[in-house]
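Novice: Here's the letter readout for the chains.
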Amino acid sequence: MRIVVNEIRKLFSVKVILLLLLVSFFVYQQFIMFEFKHFPNGRPLLDDFRATQKMLVDYGESMDSKEFQDFKEIKEQRIAEASKYLKSQEEVVAAGIDTYEEFRNMDLENEKLAALHSKIIFEDYVDVFWEIQAREGIIDRYEHPERFNQHELTHKQNARMDELVENGSTKAIFTDMVFDNYNALIRYVAILIFLNIMIILMPLYIRDKRNRVQLLQYTSKTGRNLFSQKLVTGISAAMIVITAQLAFFFFMYRGNDTSMFFPLSVNSIFNFFVSWYDLTFFQYMVLTVLCVYLLGIVLVLVGAWISSISPNYMTSVGLHVPLAFLLFGTGTTYLVQNLTTIYLNPYLVPISFVIVLVLSSLLFMWRYRKEKVKNI
Amino acid sequence: MIKQLEFKKIISSPVILGLFVLFLLFNCFLIYQQSSIRNDMKSLQPIVKETGTLMDEEGRNKLQTSYEKDLTNWNQLSKSKTGDTYQRAVDFYKPELYYSLIESNIYSEKELQNINKLAIKETYVSSIQEIETLYSNLNVMENAEEGIRLFGLKGAAAETVREHYTVLKPRVEELVQNKEHLHLFFHGKMFGTHSFLFKTLFGFMLFQAMILIVLFTAFIVNYEFEHKTSLVAYSTKRGRNLVWDKLLVSIFAGTLVTVTLLAITLFIYFMVFDYSGLWNVPISSGFLIELNNIPFISWWNVTFIQYLFMTCGLVVICQILFVLITFCLSMLIRNSYIVFTLFGVIFLAGLYIPSIMPKDSIMLLYTHFSPFILVMNVKKWWMESGVFTTFKYYEVMTVTGWLVALLLTAWFFIKRFARENI
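Residue numbers (this note's numbering), protein chains in the order written: chain S, 1 to 376; chain A, 1 to 422.
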């Protein structure tokens with residue numbers, strides 16, 4: 001245990017921590033902050049988000065047909081407000097438009113009318129017009145749950161879709177904005193975490209080799225056990241990094257103010273994502289976090305293997321390049337994002353995890369056996 | 001002799017060679033993925049043979065007559081087969097008719113190919129008018145204003161952007177007068193060759209060469225320190241001059257790696273995609289315009305082949321800059337993997353700094369003169385490239401400025417190293 005603690009201390013030197021902070025800062029600035037700052041990204045998404053939040057407050061977690069009537073009525077009220085606004089605008093009345101219907105069906109080929117339209121919508125940003133648009137989108141989706149079957153699906157997928165409509169999870173007041181935003185974020189965060197693990201674990205075995213202390217170590221009693229203890233070190237270090245990064249991320253994520261969506265089903269009609277399982281948004285988040293931890297362990301095993309076979313840092317970094325390419329690209333696409341999506345085989349994620357975990361452990365075990373009897 | 005041995009350290013390293021081969025295979029894979037359009041692209045060559053590339057009054061008439069002749073031929077055939085005639089070749093592909101035609105096997109494979117070729121020819125014919133209208137209505141000053149508004153530029157920065165675009169204006173007039181925009185080239189909206197070659201492929205090659213370069217430069221500069229032979233090596237008379245050899249060998253090897261990577265990948269690319277007869281088409285051709293409808297306006301009247309070589313040259317120089325940056329970092333930090341990570345951090349910082357500059361300051365434009373921003377936008381090199389980098393000698397200025405500064409820094413580090421305590 002004492003050895004592991006000391007090894008961890010060696011890995012987290014001040015220099016490396018500074019480096020990690022620098023890398024994290026720039027990755028946050030370049031890729032992650034955007035999703036925080038611009039959420040929801042522009043209009044009418046903002047209005048959509050506001051309407052959804054209001055729905056949650058008014059109707060609870062899902063919307064039944066009575067509440068839907070109420071929702072439609074609010075839209076009619078907004079249309080009345082919009083008409084009132086139009087009547088109060090001299091220019092608009094002069095152009096012969098005084099109800100929302102007329103405004104809606106205005107001939108936009110006509111330059112004068114088009115200018116009026118863009119003035120109200122894009123220059124003055126009159127809220128009520130944007131809100132009507134957003135509400136219409138929500139109504140449309142609610143009235144057409146059959147959009148689920150637009151894709152060409154297999155029998156099994158169709159059955160799952162029908163089941164969702166039947167058990168009512170499609171009626172949850174969720175929104176695709178929250179889901180897509182989280183999906184994009186967690187991918188970048190996962191990449192950042194993997195990058196951090198790579199940087200920390202690079203010297204795991206190389207440093208001792210480079211400093212020629214293995215001659216001393218391997219002739220002592222603890223000696224060759226050091227090899228497996230260093231793996232424990234690596235895994236603990238990775239856990240520390242993953243936990244710290246995720247803690248910081250979820251602290252930042254609180255600013256997006258999406259906590260009211262946590263207990264809602266991700267299979268809602270208002271979300272494009274459909275899962276094989278009845279997950280709530282919170283459960284889905286837990287699942288992604290779990291996958292990040294598991295991938296982190298795989299990365300530690302492969303990274304430790306690379307570190308133990310490389311004679312120098314150049315080889316080690318060089319071998320990490322294709323690994324990073326695979327992990328950041330394919331790895332995050334299938335094993336961090338869109339988990340349990342209906343468009344992929346339900347067994348893909350668990351089987352891939354079993355395969356990569358077994359393969360990377362075998363790789364390390366093979367090296368471990370060799371290290372036990374190696375001539376130094 | 002020393003230089004040879006240093007060089008041997010690089011090329012005898014299995015990881016460098018392995019990565020190099022892996023990168024090449026990856027590029028081949030990219031080209032393979034794109035290769036499905038090669039047959040459709042090929043139908044341009046017969047047209048060019050018939051009419052030449054320039055679509056002035058004469059060329060256009062030739063193309064029009066040839067197209068009409070083909071269409072009449074096709075209509076005769078289709079009339080005899082199904083009784084239909086077509087106003088335009090694309091009508092053949094209307095879904096309500098097309099699928100039943102294909103299912104009933106009325107047309108042979110050869111005939112289907114013919115109508116496909118004819119439809120492509122038709123696209124070229126109909127594009128000419130579009131291009132003419134686009135260029136006659138083109139006002140670069142409006143583009144500048146649009147960009148200024150979009151990015152919220154103010155004050156001195158906005159003024160400078162306007163100045164640069166004013167310089168571009170006569171060039172656009174010259175371009176239209178030379179009829180550079182009316183040369184036939186692979187249709188951008190159909191094939192997107194420019195983006196694939198200069199954005200995807202060149203983008204990947206730049207990063208691949210950069211990874212290799214940073215790896216081996218950091219490796220050989222700190223070789224003695226990593227192998228604990230520095231005390232011996234640097235205490236001899238020749239000793240500290242060794243860094244000169246290392247610098248020169250890094251630059252040489254960097255150039256070699258880049259040139260080989262470019263040469264092999266581009267060779268494969270041009271083997272797969274036939275560019276014969278089109279090498280001398282001006283790069284500002286309106287046919288290159290892609291789906292975003294933004295014309296390519298080069299600062300000089302250069303042909304495709306010239307543009308290709310200019311771009312390759314600039315890629316090599318950029319890589320030399322990366323060698324120098326890595327060299328300077330390695331002289332400061334004697335640990336190659338930290339150098340590698342720091343290089344990445346500096347790269348990201350180079351992209352980040354312009355975004356924190358005030359929108360009205362001229363510094364905002366100056367911070368764009370960096371190799372990191374330069375390599376992110378190969379597609380628009382030597383061209384009008386958005387408000388921040390549209391400046392006649394942007395590319396040349398950036399690389400010369402950085403080259404001089406980095407050479408001086410490297411020289412300073414070498415001098416300092418000569419009397420450093422080790």
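Worth flagging that the hints you see were computed from the coordinates, not collected in a lab.
Treat the hints with care, since some could be wrong.
[Said to hold, decoys possible] Derived DSS-like pairs: lysine-lysine, alpha-carbon spacing no greater than 27 Å straight-line:
#1 A:K189 x A:K110
#2 A:K154 x A:K179
#3 S:K66 x S:K87
#4 A:K79 x A:K110
#5 A:K169 x S:K37
#6 A:K110 x A:K81
#7 S:K37 x A:K42
#8 A:K169 x A:K392
#9 A:K154 x A:K8
#10 S:K209 x A:K228
#11 A:K237 x A:K42
#12 S:K119 x A:K154
#13 S:K10 x A:K380
#14 S:K374 x A:K228
#15 A:K8 x S:K209
#16 A:K8 x S:K15
#17 A:K189 x A:K9
#18 S:K119 x A:K359
#19 A:K42 x A:K199
#20 A:K359 x S:K209
#21 A:K8 x A:K237
[What the hints assert, rightly or not] Covered by chain S, per the in silico footprint, the following chain A stretches (three or more residues, Cβ under 8 Å):
#22 33 to 44
#23 146 to 159
#24 297 to 311
Even glycine gets a Cβ: it sits at the ideal position worked out from N, Cα and C.
Novice: If a hint holds in the structure, say so; if it doesn't, say that too.
Specialist: To see whether the hints hold, each was checked on the structure:
{"no.": "1", "hint": "A:K189 x A:K110", "verdict": "holds, 26 Å"}
{"no.": "2", "hint": "A:K154 x A:K179", "verdict": "violated, 35 Å"}
{"no.": "3", "hint": "S:K66 x S:K87", "verdict": "violated, 32 Å"}
{"no.": "4", "hint": "A:K79 x A:K110", "verdict": "holds, 17 Å"}
{"no.": "5", "hint": "A:K169 x S:K37", "verdict": "violated, 37 Å"}
{"no.": "6", "hint": "A:K110 x A:K81", "verdict": "holds, 15 Å"}
{"no.": "7", "hint": "S:K37 x A:K42", "verdict": "violated, 47 Å"}
{"no.": "8", "hint": "A:K169 x A:K392", "verdict": "holds, 12 Å"}
{"no.": "9", "hint": "A:K154 x A:K8", "verdict": "violated, 54 Å"}
{"no.": "10", "hint": "S:K209 x A:K228", "verdict": "holds, 12 Å"}
{"no.": "11", "hint": "A:K237 x A:K42", "verdict": "violated, 63 Å"}
{"no.": "12", "hint": "S:K119 x A:K154", "verdict": "holds, 23 Å"}
{"no.": "13", "hint": "S:K10 x A:K380", "verdict": "violated, 47 Å"}
{"no.": "14", "hint": "S:K374 x A:K228", "verdict": "holds, 23 Å"}
{"no.": "15", "hint": "A:K8 x S:K209", "verdict": "holds, 23 Å"}
{"no.": "16", "hint": "A:K8 x S:K15", "verdict": "violated, 32 Å"}
{"no.": "17", "hint": "A:K189 x A:K9", "verdict": "violated, 47 Å"}
{"no.": "18", "hint": "S:K119 x A:K359", "verdict": "holds, 26 Å"}
{"no.": "19", "hint": "A:K42 x A:K199", "verdict": "holds, 22 Å"}
{"no.": "20", "hint": "A:K359 x S:K209", "verdict": "violated, 51 Å"}
{"no.": "21", "hint": "A:K8 x A:K237", "verdict": "holds, 23 Å"}
{"no.": "22", "hint": "33 to 44", "verdict": "violated (count 0)"}
{"no.": "23", "hint": "146 to 159", "verdict": "violated (count 0)"}
{"no.": "24", "hint": "297 to 311", "verdict": "violated (count 0)"}
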